Amino acid sequence: MKRRSFLATTAAAAVGTQVLGGVPLKAFTPMNMPVQLQPDDDRCLIVVQLFGGNDGLNTIIPVEDPQYYAIRPTIAVPKDKAISVLSRVHMHPALAPKDSYGFPQMFEDGRLAIIQDIGYENPNLSHFRSTDIWLSGFNSSDPEVRLLDGWLGRYWSNHIEGFPEVLPPDPIAVQIGGSLSMLLQSPKGDIGIALTDPKTFFELGQGLSPDMTPMSEETRYGREFNFVRTVAEQCDRYSSVVKNSFDKGKNVATYVDGGFVQQMKLVARLISGGLKSKIFLVYMGGFDTHVQQQDEYQNGLHPYLLGQLASGIGSFMQDALAQGFADRVVGMTVSEFG
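Heads up, the sequence shown is in the numbering used here, so the first residue is 390 and it goes up one at a time.
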């Protein structure tokens, strides 16, 4: 999706406030993103989760604000080192890696949108609770209130007729690595699968026997049993689908080493191979940088992470453009504090 098309759907960004489970969506007032992902089309959303709380001020840099330099005398990015894009946006230089399609060029080409000042009222300063708030879509800083499912999980579990007894041909969501995120959980069961390697996932699926009768949800045992049953059924059903897509797919762009970069490489190959999942979830950790933030502007953990982020997304975009599926994909980043 090109930036001009994306921004056209968010024209009233600063007018009014919509709420999703208590979280004000100030930047997306007229837009219902999940509705645009219908089950019968091949468009998809890629969610990039940045664990640790990305430093937004050192990512998109307010070089004209003197307070930025007054408050950050040792870690601020010098104005003459920030990359100016279209004379109004200034990016960290690490976002323009030499090995891929950098963010500045992507922005100039109309394939990157930047929406700032997104948050929720009375922000919680806990990394863990803030993550739960963003993923669940409920703004509750009360630790006694349990947040158990995600806004994407709830939407899709109600949008797919007959779920979870009736499953679509392709997994609704695919998470690369880790245990399944709250974002993909719903009161009816998980809407996605988590995998690291399609071949290993295929082998795992061949050893399952998910032909089990569901139990009553009135007891905890019944709920846990049904959870295991749903996972087993999805793994059995989708292991072959995922592997076939992986085998049919290809990568034509160059990807450097790095966990996140390789996740994006896998997502590109699955889409290339015809997997019609609506959501792909990838993640990158380490953004809680503290004293490792940076040495001057170009060295340190944060510049490294931004470089990996830009390299992974840039190489993915090169793949998507070369193989013709770029306009079927939209991506978004999310971190604890925005």
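Keep in mind that the hints were calculated from the coordinates and are not lab data. Keep in mind the model is a prediction, meaning the values are calculated, not measured. Incorrect hints may have been included.
Cut-off 25 Å, straight-line C-alpha distance, at most; resulting in silico cross-link-like pairs (PhoX-like, lysine-lysine) [as the list claims (entries may be wrong)]: (1) Lys588 to Lys632; (2) Lys588 to Lys639; (3) Lys588 to Lys468; (4) Lys487 to Lys468; (5) Lys588 to Lys637; (6) Lys665 to Lys632; (7) Lys637 to Lys665; (8) Lys665 to Lys577; (9) Lys487 to Lys588; (10) Lys577 to Lys588; (11) Lys665 to Lys639.
Evaluation of the provided hints:
no., hint, result
1, Lys588 to Lys632, "holds, 6 Å"
2, Lys588 to Lys639, "holds, 15 Å"
3, Lys588 to Lys468, "violated, 47 Å"
4, Lys487 to Lys468, "holds, 21 Å"
5, Lys588 to Lys637, "holds, 13 Å"
6, Lys665 to Lys632, "holds, 13 Å"
7, Lys637 to Lys665, "holds, 13 Å"
8, Lys665 to Lys577, "holds, 21 Å"
9, Lys487 to Lys588, "violated, 32 Å"
10, Lys577 to Lys588, "violated, 28 Å"
11, Lys665 to Lys639, "holds, 15 Å"
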